[in-house]
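S.K.: Single-letter residue listing:
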Amino acid sequence: MSRDSDPTQSVRSAIVPSARALILCVDRDPHIRELEAYFLDQAGFAVHFAEDGAQALELARTLKPSIVITEILVPGLDGLALCHQLKVTSETRHIPVVVFSILAAEARAQEAGAEAFLRKPLAEHRLVQVARDVLGGSKPSATSDSA
Amino acid sequence: MSGAHRQPPIPAASNGLRRVTTGNPGADAILGGGFPSNSINVIMGAPGTGKTMFAQQLALHNADPERPVLYLTTLSEPLAKVVTYLQQLSFFDESKVGTAVRYEDLGAALIQHGIGALVSHVRDAIKRLSPHIIIIDSFKAIHDLSTSAADLRRFVSDLAGLLSAYDTTTFLVGEYSEDEISSYPEFAVADAIVELARRKRTTSDERYVRVSKLRGSAYREGLHGFRITAGGLEFYPRLVSPEFPRNYLPAVDRISIGIAGLDKMLGGGLLKGSCTLIAGPTGSGKTTTALQFALEGVRQGEPILFVNFQENPSQLGRAIEAMSGGLDEQTLQRWNAIYLSPVELQIDSLIGRSFDLIRETGIRRLVIDGIGDLLLAAGDVQRVHDYVYAFTQHLARNDVSSLLTFEIAMGHRYPASGLTEQLRFSALTDAIISLDIDATDRLRRTICVLKCRNSSHDLAIREMEITATGLRIA
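Heads up: the protein sequence lines correspond to chains A and B, in order.
146 is the number that numbering that gives the first Met the number 0 gives the last residue of the first sequence; the numbers go up by one with no jumps.
473 is the number that numbering that gives the first Met the number 0 gives the last residue of the second sequence; the numbers go up by one with no jumps.
Isolated chain A (complex conformation) (with noise of 0.2 Å):
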């Protein structure tokens, strides 16, 4: 796929069988959704969007995303809340989460059991290296700040 080519057609063709690792992403922002969606697509991941925190937990039960990355200031049940929630439930535990905030909450989210941090806003490089590091299993290479 060209980099010019329409990203929202990756995000109506996630739930379709894919050889693309599936990133579940959490965020009612239209511009962070449209920008994440486009820069995952060119990276070579699936995404699939949730607008909120109950639907994101319920997604991913049954979705099994490779990854989960969201906002914290989400509705209904935040995106601190929605990460100890996947890895309190034992269907879900296993995907590893990146809260990408607009919020420098670092040790909160590392409490919350995510696996990597990420502040907005949305630098495309530094988004899909941690991306590509926590599927890898990897100690991600960016994290806390968007410095």
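Worth double-checking, as some hints may not be accurate.
Some, not all, of what chain B presents toward chain A, calculated at C-beta under 7 Å [stated by the list, open to error]:
no., residue
1, ASN37
2, LYS126
3, GLY160
4, LEU161
5, ALA164
6, TYR165
7, ASP166
It is worth saying that the hints were derived from the structure and are not from the lab.
All C-beta atoms, glycine included, are put in the ideal place defined by N, C-alpha and C.
Assemble chain B onto chain A, guided by the hints.
M.R.: Structure of chain B alone, referenced to chain A:
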């Protein structure tokens, strides 16, 4: 040089904000280190104030082929015109254009599709180019295409959302006036507002910059001078008084003013690092006293700086030659001079150049001949007072002894009224020496020491004469 740090810059905010530097040390000092990265900033000012040049300088300075600067022109100036004039400036680097700095003209798309075309274009550019800086020039021109205030507000909110979501720093350049700050939605989303302006003077204009908003960061408030040169904009951060360390003690050593009789009247010379005012009418010997003070310095091996606005370098050279009997090459090398015609004089730039010389050459004595010309240039007594106060505090902090001259009317022996009162020289200086000309039967020059801090000075009014080698006190 494009506005180097003339005084210690404000430390960057301790909250770890990353910065986008402007390519201009003076501007960065005013901004507390530069613009915060990932911010939305407005660069505003009337046409011809230097906004586009400022933005271009910033773009070229931050050029990066991996993550380029995206420069979008809208409906104000055609792209071809912008680039044509840009090429005349020394900071322009043709090799960066099209790779590290990408220029794109949005005029046609905006006319065809309306203001929404900008958001689509920026979103597309983020995906295509990963720009780390986006400049939109002119953003104000977009207003003309909006169909309603609500339409414009929605558009600005959408654009700000996109620009905040992505790792990029944005500059919105526009011909805004001050009263539009409270009504236009881009100012509400702006993290920084920088205004460039021009103030009309009799013979030339004075340019200044003011930061009126900078979120999450300390910055230097007030008006700061700048000039437009072939090398771009040169900024001169407004001088503020230095902080003195707790253990600071003024020097107690004395230095000769270069006139034996006057040293005696002062109680043994001037205190090192002190500031002295020489006030008197025309022809009373102010410049001669100042030259002797400077000559004494170079003879003692001290680098000096002589700033004057009336006598050009040739005239001054002749006076130095006559008074000193000729200085050898090594001694002359310690003599630094700034000559500015009062027409060209801009107080911020003068202070900036003086600081550069003080730092580069280790100046120990400084003369400003005379303060009246600074007043004419600034047109604002309070501003001159604040500048001279801050400047002399910096000099004292660095043990640089200074001497200022000020012209007053004949027979008024330092009147405590009018300009002298407004300038509050007493607060500015450690010593005040009054020269006068008595014109009763013949012209007689007189001198007295009105004030000399921490000194038991002579209270007499003494006659003196100006000879070929300088002042001689009876």
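S.K.: For every hint, state whether the structure bears it out.
M.R.: Now the hints, each set against the structure:
| no. | hint | result |
| --- | --- | --- |
| 1 | ASN37 | holds, 5 Å |
| 2 | LYS126 | holds, 6 Å |
| 3 | GLY160 | holds, 5 Å |
| 4 | LEU161 | holds, 5 Å |
| 5 | ALA164 | holds, 4 Å |
| 6 | TYR165 | holds, 6 Å |
| 7 | ASP166 | holds, 4 Å |
The structure shown violates none of the earlier numbered hints.
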